[in-house]
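Asks: Spelled out, the chains give:
There are 2 protein chains.
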Amino acid sequence: MSTARVVRRVAVFGGTHGNEMSGVYLVKRWLQNQEAITRPSFLTVPCIANPRAVERCRRYIDVDLNRQFTQEHFSMDFPPSTAPYEVHRAVELNKKFGAKGEAFDVIIDLHNTTSNMGNCLIIGSSMDSFTLQMVKYLVQRSGLVCPVFLTENTVPQLEMADSKRLGVHGISLELGAQPQGVLLADIYLRHERLVHTCLDFIHKFNQGEVFPPETLEVYRILHVVDYPRNNDNDLSAMVHPELQDKDWHPLKPGDPMFLTLDGETIKYEGDSTVYPAFINEAAYYEKGIAFWATQKETLNVTELQVKTK
Amino acid sequence: MSTARVVRRVAVFGGTHGNEMSGVYLVKRWLQNQEAITRPSFLTVPCIANPRAVERCRRYIDVDLNRQFTQEHFSMDFPPSTAPYEVHRAVELNKKFGAKGEAFDVIIDLHNTTSNMGNCLIIGSSMDSFTLQMVKYLVQRSGLVCPVFLTENTVPQLEMADSKRLGVHGISLELGAQPQGVLLADIYLRHERLVHTCLDFIHKFNQGEVFPPETLEVYRILHVVDYPRNNDNDLSAMVHPELQDKDWHPLKPGDPMFLTLDGETIKYEGDSTVYPAFINEAAYYEKGIAFWATQKETLNVTELQVKTK
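Heads up: the protein sequence lines correspond to chains Z and L, in order. Residue numbers for the first sequence follow UniProt numbering, so the first one is 1 and each next one is one higher. Residue numbers for the second sequence follow UniProt numbering, so the first one is 1 and each next one is one higher.
Since the hints were made in silico from the structure, they are not lab data. Please note that the accuracy of each hint is not assured.
Identical copies go unnamed one by one, so any copy, or any two together, can satisfy a pair.
Unchecked claim - In silico DSS-like cross-links for lysine-lysine, where the CA-CA straight-line distance does not exceed 27 Å:
#1 267 / 296
#2 267 / 28
#3 28 / 287
#4 296 / 100
#5 267 / 204
#6 28 / 252
#7 28 / 96
#8 95 / 246
#9 204 / 307
#10 309 / 296
#11 267 / 307
#12 252 / 100
#13 28 / 309
The structure displayed is predicted, hence computed values, not measured ones.
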């Protein structure tokens, strides 16, 4: 049996990336009218995380905000005036929602991807029973198929430093495929449903409901695979049509992986089957990521109840 | 019987919009190796139309290049130094490809859209037999389903001033759905096939082949339909899930058209059936366009042969 503290404050972020539109529009709507995200046992605060990027419908102004939630930035009271806009913003968000502020219990961060990821739930730890039980609740009760992406830090260079680290618990709801700068009603409605289901879980938890032990299937991050590139570091191949949109499907040794601009197939030559995610995400060209290789595993989720005194 | 002059010079543009990736990568490849686009009877010149926007993977730097091909800019030798980058670029392109330069016979401009437009062929006139016969050839011989979008100027405010006006004849190959900043192999291959088919047509035309009279089904532009907006000019509704991806399908009075952010359906209340195109194109949010209403009509295409002497 695990216990966790009662949840007093929940933040729902949209526009951490300013051109991921369903989170932007949901949060804008909730800022006008909070009724739909209000639950009796805790406070819910909607927030446009990167307002300047939202205004310009761009992913970011200077640097990716969702990699600025570092210990270094958390320790700052005031960044140097020459620091990138998003560093200033990470420090501000920490002063409002993080350890230097009201120390919110849960951060729910709404994202979109151009990859065919479906209703992906991203979590950063396999050890946080509260978040795991919330994820299991989403899987069982949202009525949506929800692949779970575990970004637990097995290799240091994959350090995420994302918004989830602001809160005690955190989850990203990463829905796709949706082009940058486009609002798809279907994705907006699924994003809305997932947030409501998270809030319902939290309220039940606060009320003392016991969540029994469970198992949870997750895709754990292994490593990134980049596009083949030429001497100018430009792409010399594309995601192969047989791999495109096949996020979460097994990629076996010998399967087609890339197609060169001249039409030649490049096969996957790894030793074992992997499960690609974030295949052909627009924002990852500059990061050197054609997809993330993951492995499938089953986590044990311990029984959970709210801590009483 | 119509005649047209023999074709001496053809330009293939990619990156008129810097984040429309299949044209960008095809043209980059052809700049390295022109063999695939070489035909014996004419010169083919590939060109990255907006190189700075391509470098930054943005639609444009200052203004939409594809609306700068105006008579005013065509008359300029040197724009004011304070003019937007794309005005400078339109003047440069005119000096190379247009009337102030080598007066290219055909401009083929490669575009992508986030809308589900398929292999859309865009033409600006119902009077140019050469272009109509080339389009008919694409429809019949490319092996691809190709809806034809006719932007002929029935209402002055829809003045396009696009790249096609640089050449004597011109066509845009507008393929989708593809997110901005993403290269989809499937679309890249279809774009390549359409360009090859255009070049094959032109070579046959130059060789004296007679193209018989034909009819051609086109979607002629009627007017634009904007999103419902609030007092801040921000969207208050999205494209309805039943309309999303239904480019070229009939939209009948009473059909669902938008879904408000609060979940209410807004129906189409026009008097007659229209055929929407460019539904939910990312770049058109700022232009105030949710989709373009078109009507279906059949053009007569006159017999065509190259002019001798």
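Asks: None of the hints should be skipped; say for each whether it holds.
Replies: Here is what the structure says about each hint:
1. Proximity of residue 267 and residue 296 under a CA criterion of 27 Å is satisfied intra-copy only: 21 Å inside one chain copy versus 45 Å between copies.
2. Taking CA atoms no more than 27 Å apart as the test, residue 267 paired with residue 28 passes between copies only; the shortest distance there is 24 Å, against 44 Å inside one copy.
3. Proximity of residue 28 and residue 287 under a CA criterion of 27 Å is satisfied inter-copy only: 21 Å between copies versus 29 Å inside one chain copy.
4. Proximity of residue 296 and residue 100 under a CA criterion of 27 Å is satisfied in neither setting, with 37 Å inside one chain copy and 62 Å between copies.
5. Neither within a single protomer nor between protomers do residue 267 and residue 204 lie at most 27 Å apart by alpha-carbon distance, with minima of 48 Å and 39 Å respectively.
6. Taking the closest pair of Cα atoms, residue 28 and residue 252 never come within 27 Å of each other, the shortest separation being 43 Å inside a single copy and 32 Å across copies.
7. For the homomeric pair residue 28 and residue 96, the shortest alpha-carbon distance inside one copy (18 Å) is at most 27 Å, but the shortest distance between copies (47 Å) is not.
8. Taking identical chains as interchangeable, the C-alpha atoms of residue 95 and residue 246 are never at most 27 Å apart, the minima being 40 Å within one chain and 46 Å between chains.
9. Taking CA atoms no more than 27 Å apart as the test, residue 204 paired with residue 307 passes inside one copy only; the shortest distance there is 13 Å, against 80 Å between copies.
10. With identical chains, the CA atoms of residue 309 and residue 296 are never at most 27 Å apart, being 38 Å at best within one copy and 71 Å at best between copies.
11. In this assembly of identical chains, the alpha carbons of residue 267 and residue 307 never lie at most 27 Å apart, being 51 Å within a copy and 51 Å across copies at closest.
12. Taking the shortest alpha-carbon separations for residue 252 and residue 100, neither the intra-copy value of 47 Å nor the inter-copy value of 56 Å comes in at or below 27 Å.
13. Neither within a single protomer nor between protomers do residue 28 and residue 309 lie at most 27 Å apart by alpha-carbon distance, with minima of 37 Å and 66 Å respectively.
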